[in-house]
Amino acid sequence: MPAVQDTVDRVRAIDVDQYKYGFETTIEMEKSEKGISEDVIRFISAKKNEPAWLLEWRLDAYKRWQTMKEPDWARVSYDKVDYNDIYYYAAPKRKSVESLDEIDPEILATYEKLGIPLREVEVLEGVAPERRVAVDAVFDSVSVATTFKAELSKAGVIFMPISEAVREYPELVQKYLGSVVPVTDNFFATLNSAVFSDGSFVYIPPGVRCPMELSTYFRINERDTGQFERTLIIADKGSYVSYLEGCTAPKRDDNQLHAAVVELVALDDAEIKYSTVQNWYPGDAQGKGGIYNFVTKRGDCRGARSKISWTQVETGSAITWKYPSCILRGDDSRGEFYSIAVSNGMQQVDSGTKMIHLGKNTTSRIISKGISAGRSQNTYRGLVSAHKKAKGARNFTNCDSLLIGDQCGAHTVPYIESKNASAVFEHEATTSKISEDQKFYCLQRGLSEEEATALIVNGFVRDVLQQLPMEFAVEAQKLISISLEGSVG
Amino acid sequence: MADVTNLRTPAETGLSKLFEVARMKFPTGVSIAREEAFRYFEAMGLPSRRVEAFKYTDLRAALKEAAPPADAPGAEAAHRALDAAKGFSGIEALRLAFVNGHLVAEASDLGRVPQGVTLAPLNEALAAGDRLLEHLAPVSQARENPIYQLNAAFMADGLLVHVAAGTKVEAPLHLRFVGTGAEAFSTATRVLVVLEADAELTVLESHEGPDGVAYQPNDALDVVIADRARFHHTRLNGEGREAIALSTISARLGAGSHIETVNLVTGAVLSRHQIYLHFAGEDATATVNGATMLGNGQLADSTLLADHAAVGGVSRELFKTVIDGDATGVFQGKIIVEQIAQKTDGKMKSDCLLLPDEGQMMNKPELEIFADDVACGHGATCGAPDDDLLFYLMARGLPRTEAESLLVQAFLGEALESVTHEGAREALIGEVETWLAKRA
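Line by line, the protein sequences are chains U and F.
Under our numbering, think of the first position of the first sequence as 115, with each following residue one higher.
Under our numbering, think of the first position of the second sequence as 16, with each following residue one higher.
Please note that the accuracy of each hint is not assured.
Derived lysine-lysine pairs resembling DSBU-like cross-links, with alpha carbons at most 35 Å apart [to be verified]:
1. F:K70 <-> U:K502
2. U:K505 <-> F:K183
3. U:K468 <-> F:K40
4. U:K503 <-> F:K70
5. U:K183 <-> U:K365
6. F:K183 <-> U:K533
7. F:K70 <-> U:K553
8. U:K533 <-> U:K351
9. U:K592 <-> F:K40
10. U:K177 <-> F:K70
11. U:K474 <-> F:K40
According to the in silico footprint, chain F covers these stretches of chain U (three or more CB under 8 Å from chain F) [as the list claims (entries may be wrong)]:
12. 332 to 343
13. 508 to 522
14. 528 to 535
Calculated from the structure, these hints are not laboratory results.
Ideal Cβ placement from N, Cα and C applies to all residues, glycine included.
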């Protein structure tokens, strides 16, 4: 497998500084006043030119949020966020732009540095088209560019920042927004509902297979800001879309909050494949700084025979609190969750999934691979439940944990609730360390200890990597090795 | 909006009143510990589903009223109750009988205790301030549990068992717990077993009581197993159909020691059996199994915590649940491997067979691991009997119920195989057959 060699090369090439996306872009920003209040929410809403119903929706969420308590059941400990000491809106000063030439060159340079293509690659006649990916780039609170919009719209696909969709397709947004993750869902989702800034909106019309992969790239740049993006993807009957999400942030000594909400809706026979490579700044070796990643992601298989598949590679963030879930409402619908969660240094991960079987003959599959190194804590927390009416529901769960070093922890907390006899659930979990035999075998063949570890880890997570789109898989493999840098010896 | 959890339920208020009355009657021995235990319980209250460890067993909702502690029964009533109780009756054993939570000396073999073994009724030991009492409550995590603390506050009688170093006791000790009465009552018994180094003991426990009376037993077994000692324990929950039966085992394992505990449940409308294991010494091993058979309206909860705090511990847990009708099975198991506990080998499994009906099973197997050189795993399955297997048997002329019975026997049998004492193993298999016969 050439990618394995690539990983090994990569590990060899790394210098001490592991996080390569930790730079900062200096541009003039426009911000809301610090803290959260009705005025701030009105300010955000006005900035985005929102209709009155959405402002009401936000204010209602804010009222509810004020009565809610921050959840404390996850196996993470952190200094609580002072919600009045962050900016809820920060956007580059230059006004919205029509073409890339008008974007602040600093931002363009930023994305170039991050390796994100903001320029559409022209396809020459007669030349086989490369595999193309449409990108929506979200910089702090706003989307700065969205590529291939025109070409996508030819196929009827709507792909745009959600703030734009609110204006252009209000009926679609109003119909689906908050229908999967209700405003009152949880503390962070409610906060997001009140102050969300940008994110992507995708609508795939009936019977359309989205002609290219869609992706959103999130970047936190400004100091003392939180990022509250909101993504809404609707796959209408018989459609298909593959969506990728990536994220990075500068290196800072203080913690920054990222509280996103992602809602997916799959109607009859539709399929959504959602892949994430989460690489927020994880903090330094002493646990200073890093992103608090408190995210609510949920997919609703609303139609019969629909399918939602989550694939995530989690290497970043100081604290992760994230459970991408599937509500299997339609008969014969299917949910999948493939996850690799790597933690190193002082990182704390509490992540997993929920598969809620409501329809008949629904199936789900969970493959979770946790790797803990350094002094990190890595928890898988998941729920599989079959409702009384979910006859013939089926689930298979496999969560394996790998420990590297004796200072870290790996934990598994699955809830398996079966409320009818025809549901068949299987769950297995293991925890172990890297096999000495395997390592010895690799060392014998001339690999260094670090190379051997990378190789074995790549084998350990292979089931999940295979689910990622090609480019992402390679990227993810590199990331995993980089994240584990310094964990051996 | 008022926080409902702060409102005290009638049962909680009732328990406070009962404690005020009961404490006057108790021997002074551990009165401070009793007081502390009750205050601890009072502060927590009856656990509702908001309390993570009681997510599936809402005691606050289930326990509507606190039943008064039962007095020692009259001799005649006691004998009648004991005659009716059949659990483990065919086994040659040293018997100790408790009726409504009080030791019935006339029906107990206190006179023929083998050499190396000391037995003392708990209320006498409490009054005398027996030095063995310092071994009570050997596992710290159990002391954070409201059911266990409630037992500590109300424990009225029980037994102290001490086995001297190197003594291998041949005949099992059979503890018979029998309830009798027409009105609701509660019992709280505590048995403390201390095995010195290299000792070996088998304990059989049977719990039986009247159907149709909502009595509330709360039993606790504390076990301290010194280095290389071996403890075999088989428990039978055949409580009456209306009982709310709570029980806790907490065991502390010395180096190279072994515990085997198997619990078979058919009784009680609601039962919760809690097992706390603390691996204090190196290379200790544990086998913890459960076999549960439930019919309409029942809920049975098995909650286990295995805390590996020393190198090289091995634990094997296997829980099998068969649910027939509108019943709920709960399994919560947690294996903790502390940082020091390298080379731990822990395997935990919970399987559930839902016979075609309204049953539900809640599984929560957890791993909490802080050491890297370990091999730990858990599995959980849940589903109806395999159609292919049923078809195979039915094609050979067995009616469906019989075919199912055969599969159920095989299914539960796996959890009963590990019972070392042959008679006890046979008795449990007999219980499975009786349950299946009633079902057919």
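Quick rundown of the hints versus the structure:
1. F:K70 <-> U:K502: holds (19 Å)
2. U:K505 <-> F:K183: violated (53 Å)
3. U:K468 <-> F:K40: Between K468 (chain U) and K40 (chain F) the Cα gap is close to 52 Å, so the pair fails against 35 Å, i.e. violated.
4. U:K503 <-> F:K70: holds (22 Å)
5. U:K183 <-> U:K365: With a Cα-Cα distance of about 29 Å, the restraint between K183 (chain U) and K365 (chain U) holds, given a limit of 35 Å.
6. F:K183 <-> U:K533: violated (46 Å)
7. F:K70 <-> U:K553: Distance ~42 Å between K70 (chain F) and K553 (chain U) Cα, so the pair is violated.
8. U:K533 <-> U:K351: Holds, at roughly 30 Å.
9. U:K592 <-> F:K40: violated (71 Å)
10. U:K177 <-> F:K70: Satisfied, since the Cα-Cα distance of roughly 29 Å is no more than 35 Å.
11. U:K474 <-> F:K40: Cα-Cα ~59 Å, so violated.
12. 332 to 343: violated (count 0)
13. 508 to 522: With 7 residues in contact (Cβ-Cβ under 8 Å with chain F), the coverage given for the region 508 to 522 of chain U holds.
14. 528 to 535: holds (count 8)
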